[in-house]
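Chemist: What follows is the residue order along each chain.
Protein chains: 2
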Amino acid sequence: MGRWEPNARERLAQAALELYGERGYEQTTVAEIARRAGLTERTYFRHYADKREVLFGGSEALRELLVNAVAEAPEPAAPMDLVVAGLDAVCAVFTDREWCRRRQAVVMANAELRERELIKLASLAATLAEALRGRGVPEPAASLASEAGIAVFKVGFERWVAPAEERTLAQLVRESLEELRAVTAGGD
Amino acid sequence: MGRWEPNARERLAQAALELYGERGYEQTTVAEIARRAGLTERTYFRHYADKREVLFGGSEALRELLVNAVAEAPEPAAPMDLVVAGLDAVCAVFTDREWCRRRQAVVMANAELRERELIKLASLAATLAEALRGRGVPEPAASLASEAGIAVFKVGFERWVAPAEERTLAQLVRESLEELRAVTAGGD
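Chains as they are written, first to last, in full-length UniProt numbering: chain A, 1 to 188; chain B, 1 to 188.
Since the hints were made in silico from the structure, they are not lab data.
Remember, it's a predicted structure, so these values are computed and weren't measured experimentally.
It cannot be assumed that every hint is accurate.
Pairwise CB distance ranges, derived in the manner of DEER restraints [as the list claims (entries may be wrong)]:
no. : chain 1 : residue 1 : chain 2 : residue 2 : range
1   : B       : A126      : A       : G58       : 18 to 26 Å
2   : B       : R42       : A       : P6        : 24 to 32 Å
3   : A       : G58       : B       : R42       : 40 to 48 Å
4   : A       : T29       : B       : P163      : 27 to 35 Å
5   : B       : P163      : A       : C100      : 37 to 45 Å
Cβ coordinates follow ideal geometry from the N, Cα and C atoms, glycine included.
Produce the complete structure using the sequences and hints provided.
Modeler: Right under this line is the structure:
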């Protein structure tokens, strides 16, 4: 965090992802990650609580972005307008598709990491529902719109990191929302 | 499992829920659950892998019901018709609302159990998506319809176990689906 460790956080995340990709998540130690980044274990633990958190470092920032975007979306706003405003803000953060592709491969290969990812997404849905209630959206509309929004984000994200996909994350999330609308409107 | 232990599985689940409600989940041991049920620890472990699983005992049966209902739904069926057929079959299993209310209170009071519940629901969504693909629904419609279906089930279930609620689970899930349709159709 001092000036003698420029970008320590990013360097550690980069080193971790490299090692997880090369050797597997289970086979990699924090000591090895720190060494690859040219830093100490002590520095690692100043930035990340454990071996897993290096892959989920942006969760708190995402949550804040989501909450602020929903709070600041212009009136009048239907519940899904608020959700879209929140998701657009979140999508704007994901600029490094190649990093996300490699991270996705590591997460999907490990049951514990897949579970952690699901829990982070569910927590994001709960945060979004709370933000919607803060904008006057009643229940159960707030919960349903949030769950739908996070489902759309999840599917859009999976498409974004697929090989050869070139559309932006924001585009794919919007398209997934349109497809959700089409699929829920049909049948029954 | 022998005839000298009639309904051992149900008695253990009942005893566990009583003790979790009285003393808290963390403070209860498997030995205490077995004793309350008038059974041995050894019998407990024949039925449940650990202290947690007694609350999630029906997951595998739910999964089978869901898969079979989707596979057997009559043609022609839109993706959401298949989802509704699956959810109707799942809803029919939940007959003891009082037990579910008490279980919900225990699960919601403990972070580990809440996480387990989310993971079971996510796994159910993945199973549902696979069943939809088996009926010829393409991606991303299969994933989106499944995520929407499980979101609707989750919200419907939470309403069903709320105090004084008298509508059936199937009704509340259907109503939640209608509300999801309304909320996703609006805005943007």
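Chemist: Hint by hint, say whether it matches the structure.
Modeler: So, going through the hints one by one against the coordinates:
Roughly 25 Å separates the CB atoms of A126(B) and G58(A), a value that falls within the hinted 18 to 26 Å. Distance hint check: the CB atoms of R42(B) and P6(A) are about 59 Å apart, inconsistent with the given range 24 to 32 Å. Distance hint for G58(A) and R42(B): a CB-CB separation of about 47 Å, consistent with the stated range 40 to 48 Å. Distance hint for T29(A) and P163(B): a CB-CB separation of about 50 Å, inconsistent with the stated range 27 to 35 Å.
Take P163(B) and C100(A): their Cβ atoms lie about 43 Å apart, and the range 37 to 45 Å holds.
Of the numbered hints given earlier, the model fails hints 2, 4; all others are met.
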